[in-house]
Structures are given as structure tokens and as C-alpha cells.
Amino acid sequence: MRKHMKMMAAGCMALTVLAGCGGSGDDSKTIKIGVDYEQTGGVADYGKAHVNGIKLAIKEINKKGGVNGKKLELVVADNKSEITEVGTVTTKLMTEDEVVMVLGPATSGNTSAAINVANKNKIPVISASATANNVTENKDGSVTKYGYKICYSDNYQGEALAKFALSKDAKRAVIVSDSGSDYAKGLAESFKKEFADGSGTIVASKSYQTGDTDFKSILTSLKSESFDVMFVPGYYQEAGPLVKQAREMGIDAMILGPDGFDSENFIKQAGNANLNNVFFSTHFSKVGENQKVKDFVKKYQAAYDKEPGCFEALGYDLAYYAADVIKRAGKDVTPETVNKALGDTKAKFSGVTGSFTMKKDHTPDKVITVVELKNGEQVSAAEVK
Amino acid sequence: MVQFIQQLVNGLSIGSVFALVALGYTMVYGIIKLINFAHGDIYMLGAFIGYFSFKYIAGGYGGFILALVLAMGGCALIGMLIEKVAYKPLRNASRITALITAMGVSYFLEYVMVYFFGAERRTLTAPFENTVFHIGEITFTLSTMIIVVTTIILMLLLTYIVNCTKMGKAMRAVSTDPDAARLMGINVDHTISFTFALGSALAGAAGVLIGLHYNIVEPLMGMIPGLKAFIAAVFGGIGIIPGAMFGGLSIGVIQTFASGYISSLWQDAIVYGLLIIILVVKPAGLLGKNKKEKV
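Those protein sequence lines, which keep their order, are chains A and B. First residue of the first sequence: 1, per the numbering used here; consecutive thereafter. First residue of the second sequence: 1001, per the numbering used here; consecutive thereafter.
Same shape as in the complex, but just chain B:
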């Protein structure tokens, strides 16, 4: 039982990160029907911003908040820039063109980073000591708690923005019907830009959190988590915000259990296998409905 709960804790902490990244995939898909494969690399950039912030600006708890703000701000800008440069000109092109462009952007970001910083793993200077807490026989590290708490705060914030602000309303409107939204006086370009900024900021935050958790950053670190987060988004129902949260947490937990109870060599096979089953049984994803209300 102790082991079960411990594995659940492990799974939820890694799942939170998947969820944060999955949110960006799902929002962008919801609004322009583009699978933004470069999203995992935005997460990597966030981790690098965190790395440099801890190393050259400040450590401590204040340093962590600063790194989070810098990474979110920086990634939001980069996300918007990528949208302007790479995706906007293709808005009316076929979907496959945009998809391939997204892959190109992904490789571009990865190898620009390899070129400037080298492909090797870098050790992140921990901004504060990663204290270990015990509840009975279950252990938590401070970084695990920070990941979960930060994720919850960011998700609440996102829910508020999407549901209770004017921009959120515009996002929902554009995702439902961009042409109708334009006719109603919504600036579609701004809204799409904002969506990219929001999604990228979340990925940036996830990058800082994961850097803090493992103390490792590397230019190709976004590939696998990016793919897993994409699966998480599909798993929960792509285009649906609660679906991404739920999908992320589920993938994290399933993967951890598979590796803990069966074998780490099976974890990916099990995760992808489950995805196939869910898509066969429920093509719209676990929380997906055949309704058009998407963001």
C-alpha cells in the first residue's frame, strides 16, 4: 500500500508536467487545428531560461519565482514570434503543410540550441536545497510539492482566463467559428497570438519545474515529454482544456505504475497501447464529446 501511494505521488508529479505541456497543445489545436510539434521545444527553452536564471541571476525561493516569471514571459514571446513567422503565413494552407512546418520549427529550435550550447546534459544549480519530507513511510521532495502546487495554481489561473475574461471569451469564440468571430468584431489574429503566448508560457513554466526537479537540462529534453504531452492531450480529448489536465495526470500515473510494477522497458508500450485502445473505443478522447465548444 505504501508503495502504491508512493508510486501515485511519483506519477502525479511527472503527470503535472505533462499536463502543463498538454494544455498548450490542446489550446493551439482548439483554436487553429494545428498540432504544434514545436511545443515540446518551448518547454526545453523554458528549462534553459530557468537554468541561466538560477546560474547567473538569483537562487533561493525568490530566484525560483523570478525564473518562473522569466521563463513564462520569454516562452510567451518566443511562442508568439514562432506563430507570426512560421504559422501565420500558412493559415489558409493545407493542414499537412502547417504540420510539417511545425516539425521544422521543432528541429530548428533543438539544433540551434545544440549549436550554441552543445548537446550534453547540463547540471542545473539548485536554487534551494531539495528537502525531503516524510509522511509515514512516504517520502516527498520539496521539488515534487512545488511542481504540484505550481501546476494547480497555473491551471486555476488558466481556467479563470479562459472562462472569465474578455480574451478568454474571444478564444472560445474563435475556436468555435473563426469567421463568425471576425464578423462579431473579434480580432482573430490577436486572439491566436494570445493563445500561443498562453500555451507557451505554461510550457515554459513546466520547463523550469522539471529542471528544478531533476537538476538536468539538455537541448533535446523536449522531444519525449513533448510527445507524451501530445498523447496526453489526445487521451483526454484534444481541444478540451480539462481533458489535457486529466490526460497529463493519467499518462504520468500510468507510466509510473507500468515502470514500477512491470518494467520500465514496457512503460512506453503500455502508454501508447492504452492510447490506441482509447482512440478505438472513444475516438474523441476520454472527455471528448461531439460538441463544438472547444478552446
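The shape of chain A in the complex, shown without the other chains:
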């Protein structure tokens, strides 16, 4: 106990006192954090990127002595990009591995599933990239007790992209969206609304199915329309070949996408030559002069021998945010004290993907960056509020 008494000084006094009667997990030398990500399956790219970022951050934190004198220990699990597997894996992390919180998953659908498990077990889940609007809400619209995220929501993203398109003098838009995901639907709706409110016209809306590889028939029917911007709410798996086929077919209009575009595979599948006049919103951009970002890129490259993308950065921020939360939870780190620290709307966090405070609805207050691709390279980044 003596050792723990010393640590109290570093922690937040009020919270520590409140948490004093919890008790469990006090004797161990490490604090266990669950990591629940898509490391195989359809969106493995997202999951693996997050996990790399998280591991790097945790290594750094532990090198500096951990949090409140305790080292952070990761319990990594693979949910195989499948919603049923998310349930199994999250339950295991929470009931068998005794973690104080779970980081992940990457997609909104999987995060919702994990939050359900979280509410049952009363252990918080924080996602860094579940952008769907209602992820942190219960079915009745109230804020869920144990679910959080540190990225902006889709309606906010869709609105920002519509504003961005209007600011680029786009008047006529077509939307090609993934019919199989809530993510795409939410984005398409908020884009439509904001674009129409701002003097733009939606000329046509088309949809494809998740897993499609052929978009030629849809694109051919759009080609006869006249439009300034094509908005493609969806993930890189389909967006890559879609953009490739659009450009090969001679559709030169501006193509605008959400953060689902942000993957190396998007660039690979579309091909550099086809990636001109393509814009997408992202959580993280290396373009610019931010010292924090530059340091992160350097450290990431040293550790993994490749450039980090947005999900690596989100994972990195997520781990630092978790450490910050644990620090604020104080001496007695239990799922309850952690949850209390997570819900604190005054604590400001500053990371490589931006600064934010947690809002009452368990989503952060954050700015959106839109990057432009030229020959497959990010050439500029604009902030949209």
C-alpha cells in the first residue's frame, strides 16, 4: 500500500478519493487494457493500422514509467472484422482478461456491438474511428453509459464535405454510395441535406453493394449526366476500383470521399495516375507544419519502417488518451473510475489528430481536415469547420 500512497500525489485528488473504495486490481503491477481490432478479414487494414499505433504509444508511455507508477499492459484480440466475433472477443477481454477498458474496434458496426457488451459488463469501450452518428447512443436515443469515441461523427463529416464541395464552386453533385453500410447511408444523407441547403443540386444518386468490383454500369449511366463533383461515401475496398473505373471511363470531375478512402490500398487499387482531383476527409494529415505530427511520423517510421496513415495516428492518440484517462482516474484504477474520467467534459486532450474535449454525448469536439490527392500523393490539407 505504501507504494500506492505515493502515487496519489500525481493523480487527481478528488477522483482518487471518490474511487478509494473500489479496491480491485490494486495489487497488480500493471494496468490491463483490452485491444479489440479487425486484424484479419475485410477491413483488416484499418485494424492492423490502429494496433500498430497503439503499440507504439504504449511502448513510449511505459518507457517513461507508465501511468501513476504502473505499466500499461495490452491484451490484444482479433475480431476478424466480423460482428459476431466482436461479441465473443470483447466478452472474453472483459470477463476473463480483467481489463479496465477496451480500445477499438475500427468500424462503427463493430463498435456498436462492442458497446453492447461494454454496457453489460460495465467496462468502457473507446473507439478511435467509429464515425457513425449514433454509435454512442442507446436505442432510445440516450447516451450510452460505457461507449465513447475520439473521432467526429458522420453527419458532421458529411456536412463538412458538402461545405467543402460548395467552397470549390461545385453546383451539381452525384452520389454513389455503398448500400450495405450505415456509415455510407449516414454520410450520403447529411451531405445531401447540407449541399441542397447551400444552393447545390443533387443530380443523381446511385448505390452499389459491399464487395462489388464492377462499377462500370453505374458509372456509364452517370456519365451522361453533367456534374461537378462525385461524392462516394464508402470504404476503400470498393472506392479504389470505383475511382479507377471512373477515371478510365473518362469521368474527370472532382471525386470527394470520406475517411473510408484513407488507406494505402485505396491508392494501390485506384492507381496513382487515376488519383487526380480526388479529395477526402481525414482524421490526420502529414501535410503541414505541426511539430507533434512530425515527431510522430519520425517515431513511427523508426519503429515500423513505413509511413503512418490516419488510422495509425488515431490508434496512437487513442492509446495516449487512454493513458491520460487512467491518470485522471487516479490511484484506484477500475472500470468505474476510468469511466468517470472518460465522461469528464472539461479535460482537454491534445494529440496528433487534433485537440478535443469529450462532449456530453461521448463524442469529441474536433475539426475536420480534407486532403487533396495529385498523382496519388497528398498535396494539400484544408480545415473545414
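Keep in mind that the hints were calculated from the coordinates and are not lab data. Warning: the hint list may mix true and false statements.
Stated by the list, open to error - Now the stretches of chain B that chain A is said to cover, found in silico as 3 or more residues with beta-carbon under 8 Å:
{"hint": "1", "segment": "1007-1014"}
{"hint": "2", "segment": "1040-1053"}
{"hint": "3", "segment": "1118-1127"}
{"hint": "4", "segment": "1248-1260"}
Stated by the list, open to error - Facing chain A, from chain B, some residues (calculated, C-beta under 10 Å):
{"hint": "5", "residue": "Gln-1003"}
{"hint": "6", "residue": "His-1134"}
{"hint": "7", "residue": "Thr-1139"}
{"hint": "8", "residue": "Gln-1267"}
{"hint": "9", "residue": "Val-1271"}
As the list claims (entries may be wrong) - Chain B residues, not near chain A, derived (Cβ > 12 Å throughout):
{"hint": "10", "residue": "Tyr-1056"}
{"hint": "11", "residue": "Lys-1084"}
{"hint": "12", "residue": "Arg-1095"}
{"hint": "13", "residue": "Ile-1153"}
{"hint": "14", "residue": "Thr-1159"}
{"hint": "15", "residue": "Ile-1161"}
{"hint": "16", "residue": "Gly-1168"}
{"hint": "17", "residue": "Pro-1178"}
{"hint": "18", "residue": "Ala-1181"}
{"hint": "19", "residue": "Ala-1197"}
{"hint": "20", "residue": "Pro-1225"}
Bear in mind the structure is a predicted one, so any value in this text is a computation, not a measurement. The beta-carbon is built from N, C-alpha and C at its ideal position, and this holds for glycine as well.
Place chain B on chain A using the hints.
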């Protein structure tokens, strides 16, 4: 009008691939009355052979020919092997047993590939630049033309083999009556093996072509095209070679038109709906006759 022709081009290119795969279904069905559900996965294996060939052996036009030869040869061997191991012991078992075995083989191939290579999509390194051609307002990519031309060449070759060679004659004989064929001195086992090799080689070629077209390969890529090709075979009349070609092209075109003019969400409903109508009106398929001459 421009849009119509463009959609037709899109439909024919994807239809060619369905046709190549459908040929394998139809030949195997014709000869041993087995619906070889693993056939779509042979197509996937062909695409992977193409992927590795482009990545590690050679690119360019020569590399494409090489990939095609490797995929066709490799798939032919795998097809023969599957027949020997999984289907031959069941030749006299009930048809449902063989059908279920075929599904088992299909899942086996898919998940062995997932185990070794992961389920994620891989980007195929294009062996050459996919140049875009314009005729008036209609655009073709080089890969579209390669698909159509290769398909035509392979179909002519197949027609020649089936109609003008001794092996082709044996295939037709076995499909008409295996017992009579055996009595006439035809080695039925060899003939069946050869049929599997031929069908699998075509599927392998289709895999390389589709990899080239979309630049994507993944272990589960054979499921849907396999199913569509099977429908194409039934559509044209299963067991009949021209029926598979015709069925494949039709399904490709119908699907493209449905997705282009109505909605991509309706494309499958329309394709399957048409299949039902055709089977009700003409149970033997569009080109099917109640004759016994099948391959």
C-alpha cells in the same frame, strides 16, 4: 444510344468471364451429371496464380501470356486432382453425396487460401498499362478487349477440341452413355479427367482475365461469379456447350443493364427472376432440347 452501347460493352466483357466459367460447369455436368460447386474456386485459384506470376515472374504482354499458361496448366492439374481425390470414389454414390462433397471442396479451397494468404483483397500489379481507347464517345480499356479476344480464342479452341479431336469424340461418347462408351474401348476415367482439366483450365484463364481487369484478387472472389456462371449454364441449357457461352454473355449483359438502368440493388433479383421464368417456360434452358447429345 451511346450509353446503351457502352453498357453492352460492359456487359459483354463481364459476360465473357461468366461464359468461360460456365463452360466448366456445363462440361462436367454433361459428362458425370455433377454440379461442381468448387468450380468458382478454381477460377479464384487461377486469379491467384496470375497475381503471383505478375508479381514474381514477369509483367508485360509476354508476362500475361505466361500467367495465362501457368494458370490454365495449374488449374487443369488442380481440377484433375480434385476429381481423383474427391469425386472419383463417389462415382457410383447418389448424386446428392457428390453435390455435398463438391460444396465441401469449395469451402476447403476458399479457407485454405484464407489461411495462407488472408481474407483481404490484394492489389494485382498490372502487367502493362491499361490503355483507354475511344470510339466516338464509347470507351474501351485494353483489359476489356483482352478479355473478349481471349475468350473468343479459347472458345474456338474448345469447340475444335470437342468436335474435331479423338478426345472430344470420347467426351461426347461418355456423356451420351458411359457404359456403352466403355464397351467401345473408351477409357472413361481418362475422359472424365480430361474434361475436368479442360473446364478447370478455362476457369483458370477466366481468373487471370478478371484479375487483370479489376486488379483485385481475394480468396472468396469465386463465390458469386461461380454462382452466376452456374446460373448462366442453366440459363443456356446445362450440358450444352454453346448454351454456356450464350448463357454467360446473356447474364453479363442482363446484369449490367439492370444495374445501369434500374439499380445495382436490383441486378441480382432481376437475374435470378429471369432464371426462374426461363426454367418455368423452358425447363431445359434456352438452347436445351430433349435430345441426349450432350457434352
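- Interface hint status, Gln-1003 (chain B) versus chain A (Cβ within 10 Å): holds (5 Å)
- Go through the hint on Gln-1267 (chain B) and say holds or violated, using the shortest Cβ distance to chain A against 10 Å. holds (8 Å)
- Could you check if Val-1271 (chain B) really has its C-beta closer than 10 Å to a C-beta on chain A? violated (13 Å)
- Message: According to the definition I'm using, a residue is off the interface if its beta carbon is farther than 12 Å from all beta carbons of the partner; does Arg-1095 (chain B) meet that for chain A?
- Response: Non-interface label on Arg-1095 (chain B) holds, nearest chain A Cβ at 31 Å vs cutoff 12 Å.
- Verify the interface restraint on His-1134 (chain B): the C-beta must sit less than 10 Å from at least one C-beta of chain A. At about 8 Å, which falls below the 10 Å cut-off, the nearest Cβ of chain A leaves the hint on His-1134 (chain B) intact, so it holds.
- Compute the least Cβ-Cβ separation between Lys-1084 (chain B) and chain A, then decide whether it is above 12 Å. holds (32 Å)
- Query: With 10 Å as the cut and Cβ atoms as the points, is Thr-1139 (chain B) at the interface with chain A?
  - Reply: This hint holds: Thr-1139 (chain B) lies near chain A, its Cβ roughly 5 Å from the closest one there, short of 10 Å.
- Minimum Cβ distance from Ala-1181 (chain B) to chain A greater than 12 Å, as the annotation requires: Holds: least Cβ distance 41 Å, greater than 12 Å.
- Task: Tell me if chain A covers the segment 1118-1127 of chain B under the three-residue, 8 Å CB rule, please?
- Result: Per the Cβ count (6), the hint holds.
- Query: Taking 8 Å as the C-beta cutoff, is the stated coverage of the segment 1248-1260 of chain B by chain A satisfied by three or more residues?
  - Reply: Since 5 is at least three, the answer is holds.
- Taking 12 Å as the cut and beta carbons as the points, is Thr-1159 (chain B) off the interface with chain A? holds (28 Å)
- Quick one: work out the minimum CB distance from Ile-1153 (chain B) to chain A and report holds if it exceeds 12 Å, violated otherwise. Non-interface label on Ile-1153 (chain B) holds, nearest chain A Cβ at 23 Å vs cutoff 12 Å.
When held up to the earlier numbered hints, the structure conflicts with 2, 9, 20 and fits the remainder.
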